[in-house]
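J.: In case you want the letters, here they are:
Protein chains: 6
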Amino acid sequence: MNVESRIHAYRYHESGHALVGMLTPGADPVRKVSIIPRGQALGVTLSTPETDRFSYAQDELLAKIKVALGGRAAERVVFDETTTGAEADIQNLTQIARSMVGRWGMSEAIGAVAVTDGRQDGLLLPGSLPASFPTQQLVDEEVRRIVDGAEHAVIELLTRERTRLDALAHALLEHETLDQPEAYEVAGVEMPKLDATEEAKATASP
Amino acid sequence: MNVESRIHAYRYHESGHALVGMLTPGADPVRKVSIIPRGQALGVTLSTPETDRFSYAQDELLAKIKVALGGRAAERVVFDETTTGAEADIQNLTQIARSMVGRWGMSEAIGAVAVTDGRQDGLLLPGSLPASFPTQQLVDEEVRRIVDGAEHAVIELLTRERTRLDALAHALLEHETLDQPEAYEVAGVEMPKLDATEEAKATASP
Amino acid sequence: MNVESRIHAYRYHESGHALVGMLTPGADPVRKVSIIPRGQALGVTLSTPETDRFSYAQDELLAKIKVALGGRAAERVVFDETTTGAEADIQNLTQIARSMVGRWGMSEAIGAVAVTDGRQDGLLLPGSLPASFPTQQLVDEEVRRIVDGAEHAVIELLTRERTRLDALAHALLEHETLDQPEAYEVAGVEMPKLDATEEAKATASP
Amino acid sequence: MNVESRIHAYRYHESGHALVGMLTPGADPVRKVSIIPRGQALGVTLSTPETDRFSYAQDELLAKIKVALGGRAAERVVFDETTTGAEADIQNLTQIARSMVGRWGMSEAIGAVAVTDGRQDGLLLPGSLPASFPTQQLVDEEVRRIVDGAEHAVIELLTRERTRLDALAHALLEHETLDQPEAYEVAGVEMPKLDATEEAKATASP
Amino acid sequence: MNVESRIHAYRYHESGHALVGMLTPGADPVRKVSIIPRGQALGVTLSTPETDRFSYAQDELLAKIKVALGGRAAERVVFDETTTGAEADIQNLTQIARSMVGRWGMSEAIGAVAVTDGRQDGLLLPGSLPASFPTQQLVDEEVRRIVDGAEHAVIELLTRERTRLDALAHALLEHETLDQPEAYEVAGVEMPKLDATEEAKATASP
Amino acid sequence: MNVESRIHAYRYHESGHALVGMLTPGADPVRKVSIIPRGQALGVTLSTPETDRFSYAQDELLAKIKVALGGRAAERVVFDETTTGAEADIQNLTQIARSMVGRWGMSEAIGAVAVTDGRQDGLLLPGSLPASFPTQQLVDEEVRRIVDGAEHAVIELLTRERTRLDALAHALLEHETLDQPEAYEVAGVEMPKLDATEEAKATASP
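Residue numbers (our numbering), protein chains in the order written: chain A, 30 to 235; chain B, 30 to 235; chain C, 30 to 235; chain D, 30 to 235; chain E, 30 to 235; chain F, 30 to 235.
Same shape as in the complex, but just chain A (with noise of 0.2 angstroms):
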C-alpha cells in the first residue's frame, strides 16, 4: 500500500467513525472531522456531548461502541482491509463494554453485581479477585456479544450509506477539515438541535 492509498484509507477511516456518529440515536453529535495528523493520531473525529455529563444510559453506550467501531468498519466497507490504525478504538471500545458488562449491571447476564474494578486502565492490584474463573468467562463471552452486535450493525450502516461515506471522505480530500455544519452537510444529514437549557447557556456566555 503505498503513501497515496493510505491517507485516502484514513479519510474513509474518519468519515467512518463521523458518518456512525451522526446516523446512531443516542451518539454525541459530531463537532470536527479532520485528518490532519495530531501527535499519535493519523486524524480526529472529535464528538462530544452537548453538556457535561454525568451518567450515560446503556444505548448512548452502544451509540459510543458503533462509534468507535466506524472507522475500522469503513476500511473494511471500502477496501475490505483490516488496519492497525484502529488500536486505540479498539481499546477504547473494549474498555466500554467491559464496564458495561462488569460495573454498570448492564448485561442480564451477569447482573447487577460489580465483577471488575472501576480503574479506567483495567488493572487490578495483585491478588485482587473480583469474580471467579467463570464469572470471567462470562464476561468474556458478554463483552464480546456486545461488540459484534454493535460491529454488525455499523457494517451493515456504512454499506447502505455508502453514499454519504463516499461524500465524506471526497470532502476531506478536497479540505483535510470539515466544522460541524460542513460535515452535516457533506453527509446530507439534519444536524443535531441544541437542547433548549445549552441554548440558553450558550447565549448566557460572554
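Keep in mind that a hint or two might mislead.
The list treats identical chains as one, so a pair stands whether inside a single copy or across any two.
What the hints assert, rightly or not - Derived SDA-like pairs: lysine to any residue, alpha-carbon spacing no greater than 20 angstroms straight-line:
1) Lys61 to Ala200
2) Lys222 to Leu75
3) Lys222 to Ser34
4) Lys61 to Glu214
5) Lys222 to Ile36
Derived from the structure by calculation, the hints contain no laboratory data.
Using the hints provided, position chains B, C, D, E and F relative to the given structure of chain A.
T.: Quick look at chains B, C, D, E and F alone, frame taken from chain A:
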C-alpha cells in the same frame, strides 16, 4: 437523552432508593432525599441507623442491598433504561453480598468458613489464597443468587408502589430536597418510631 | 432490630461461647463472661488454658472451633438469626481448621504433608505455590467438613442445653460480667479442677 | 558443525530473510543484506518502509511475519536444521501475531476486542486480567494458526525459489554485504519502484 | 490433656524420632535425645551425618523423611493422638519430598526435569512458572505417595518395636537427656561404627 | 553410604559426563575431567566449544542435554542409585529443553512461536502471560519428551560402553584430574580434530 430528561431520571433514581428504604423491613430509616449534586454524586438518599451499630443481622443486610438496588430499579421500572449512575450502588451492594457469603457465614452453601479477607476494598494481598477455585465460583454463585433475588423483589415492589414513587419524584421536582417527615408524608408511609432508648438519648442531648 | 433486642442477642452470643466452652471436653476452662464492650468487641468470653501450652492435640483444636461457633450458634438457636457479630469468630475457627488440614497433618485426605505456610494471617508471598489446585480444593473440602461437623454438634448441644443457656443469658442481664465460679454455677456445670502441678505453681507464686 | 559450515548457514539465513522480503507482496523493500556481525546479531537484513508509517494493514503484518520466518526457513530448506539463531526472529513475529489477534482485531475468532495490553514487551502489570482463560487459549490458537500458515508458505516459497536463494548466499560469500540494487539483481528480482511522493521527497532533500 | 500427660507425650515424640533414626538404614546416627525445651522446640533429637556431606542418595533422603515422621508416629501409636507439635517435622519432610520430586529427579513420574526452583523456603518469585498446572498436580501426588509410604512404614516399625520405644521414653523420664551411647544402649540397638576415614580424622583432631 | 563409597560414586558421575561428551556427535570436546572439589561442585567435567559460538543447532543442544544427564546416568548404571548431586545438571538441561521448545521453535508441537521469555533464570515478571494454560502444559510435555528420550539414549550408551566408563573412573582414582589427551586416551576414544580455522588461530596466538 437531553439534560432535562436526565435530571428527571435522577429524581426517580433517588426516589427509588428512598421508597425501598421506607418499605423494606430492616432498612435504616430514610433521613433525607435530595437531587442537589454533591461532589461526584448526582443526588443522595441519606439512610442512617437509629443508633451506633456494632453488628447487623442477615435481614438488615439484605435490606441494605435492596435499598442500593432501588435507584437502578426505579429507572428500569419507569424508563426501561439502565444507566452508569448506579455504579457506586452496585459496588456497595456487591461488597455487602460478598461479605455475607465470605465473611459472615450467611450462605448455607459456604457455611461458617471465612473465604474472603475482611478488607473493605475487596483486595487481597498478592498470592493470598483464601479459597480454592471451586470455592471462589461458589461464592460468585451465592452473591448472584442474593442480588438477583433482591432485585426481583425491588422491581416488584416499585412496580406495585408506582404511585408512591411518582409522588416522591414529583415532590423532588418542586423541592429538590425532602427531609425525613416530608419524604415519608409525600410517599404516604408511616414514619418509623424512635426506640425508647434513642428518644431518651435524643432528649438528653443539649 | 432495636437496641434493646440487639443487646439481648449479645447476651446469648456470649452465653453460647461460654456454655460450649464448659461442656466440650478438651476446651480451655472459661475464666470470665462479659457483655461490657471492649474496643471493637461487643462482649468477651475469656477462656485460657491451665498452663503455658507448647502444643495442642486434635481434639483440643476441635474444641476451640466449637467454642468459636458457640456465639453464632446461640443466636441461631434462640433467635433463628445470623449476624455480622460472628465475623472474628469465623476468621479464627477457619484459621484453626485450615491449619489442622494444611500444617498439622490432621486430615487423612491430605496426610502428613504441609500444603499451606505457617503464617497466622493466612497470606502467602506472591507466586508461592505450596500446593496444586486440586490439593487446594481438597483443603477447602476438609476445612468445610470439620467446621460443618462442629457446627452441627454445637447447635445440637445448645438446643439440648437451652435451659443452661437461658440461665447464663439471664444472669448477664443482671450482672453484665460473670467470673469463673459464677459462670459455672449459673450454668450448673461443675468447675474443672486444677492440675496438681498448676496448683503447686499457683501456691508457689508470691 | 564447524566454523566454516556455520558461517555458510548464516549466509543462507540472511539470504532467506532477504528473498522472502523481495518476493512477498506487502513486505518492506530490502535495503541491505549483510553477514558482517553487529553486536549480538550474526548478520542483518535491513528492510525499511518507503516512508514513515502510521499504520499497517493485515497483509503487511503477515508479510513481516513471513520475512522474519525467512531466515529459519532457509536453514531448514537447505540444511534441514533448526538453530538458536532465529530466537530474535521468533520473538518478533510472535509479538506481531499476538498483537494482530489481541490488539488489532485481525482474528475473526477474537473479534474487535482488546485482549492483550499494548506494551511491546508483552508484559502485563500484576493482577491485570484482560481476558479469561478460555480467551487466552483462543489467542494462542489464533497466533499458532497465523504463524503456521506463514511458515508453510515461506518454506514452499524458498523451496520453489531455491536457485535465487543459492545465488544470494553465493554472493554473500564473495561480498559479505549487498546493497539494495545488488541484492535485487543477484536474486533476479525487479526492484520496487519508489512512490511518486517519496521520489519527490528524495529529490527535495539536500 | 493435663500438663503431666503432655510431657509424657513429648517423651514418646522424641523417642519416636530417635528410634526410627536408629533402626532405619541410611539415617544419620542419633547423637543425643533430650526433652529439655530449647527455644520453640519442646525437645530435640540430634542426628548428624558422620562427615561433611556434599550429596545425598535417594534412600538417605527417604530415611530423613522417616525420622521426621517418627515423632508424630510415636504419638499416634502410643496415644492414638495427633498434635500440633509435629508442625516443623511436617514442613521439613514436605520440603525434602518436594525436592526429591521437583529438583533431584527422584520420581519416575516427573523424570530428570526441574519443576520447582531450588530455594529452601519453597517460594517462587511472582509470576514464575516452573511447571504447568497438571505438572504441579503430579508433583503433589508424588510427594503424597512418598510421604504416605514412609508413614506407613514408620508406624509399622514403631508398633513392632514398641518395647524399645517404651524403654527410651522411660529413660527420658529419669534422665531428660541421653547421649549417643546411652540412647543406643537403652533402645538395645547396636551403635553405628565410624568410618575408617572419620576415625582417622577424629584421631587427628587436637 | 560411607565417605569412600561416596567419593567412588563421584568418580563415576564425572566419568559419565566425560564419556557421554566424547561419544555424542555434536557435543563440545571434553577439555578436562577432575574430581577435585571446586566451591559447591564435587568435581568438574570441562567441555568447551572449539570457538566462540553465536548459535547452536538442535542436535548440538540435544548433545548438551545428554552430557548433562551423563553424570546421573552413570550413577544409575553403576550403583542403581540416584543422588542430589545431579541437581545443577537437571536445572541446566531443563533450561535448555524449555528454551528449545519455548524460545527456539524446535518443537513441532509448539511451532515457531515464543512461549517463554528469554531470561536465563526462567522467571517471568509478575502478571506476564506468554502462553495460555494448555500451551504451558504442551511445553511441559515436550520438555519431558526431549529429556526422557535423551536419558534413555544416555543410559543405553553408558551400559554399552561400561568398559570405557570403568576405565575413566579408575584413572580418576589414580590421578584425580585428567587433561584432554589423557581423558580421550583412557577412554579409548579418538580426540576430535581442530578446525583448520581454529588451528590457524591457535598458531597465530602469541
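J.: Are the hints correct? Go through all of them and say.
T.: Do the hints match the structure? See the list:
no.: 1; hint: Lys61 to Ala200; result: within (13 angstroms within a copy, 41 angstroms between copies)
no.: 2; hint: Lys222 to Leu75; result: within (17 angstroms within a copy, 37 angstroms between copies)
no.: 3; hint: Lys222 to Ser34; result: between (36 angstroms within a copy, 15 angstroms between copies)
no.: 4; hint: Lys61 to Glu214; result: within (12 angstroms within a copy, 50 angstroms between copies)
no.: 5; hint: Lys222 to Ile36; result: between (33 angstroms within a copy, 19 angstroms between copies)
Checked against the numbered hints given earlier, the structure satisfies every one of them.
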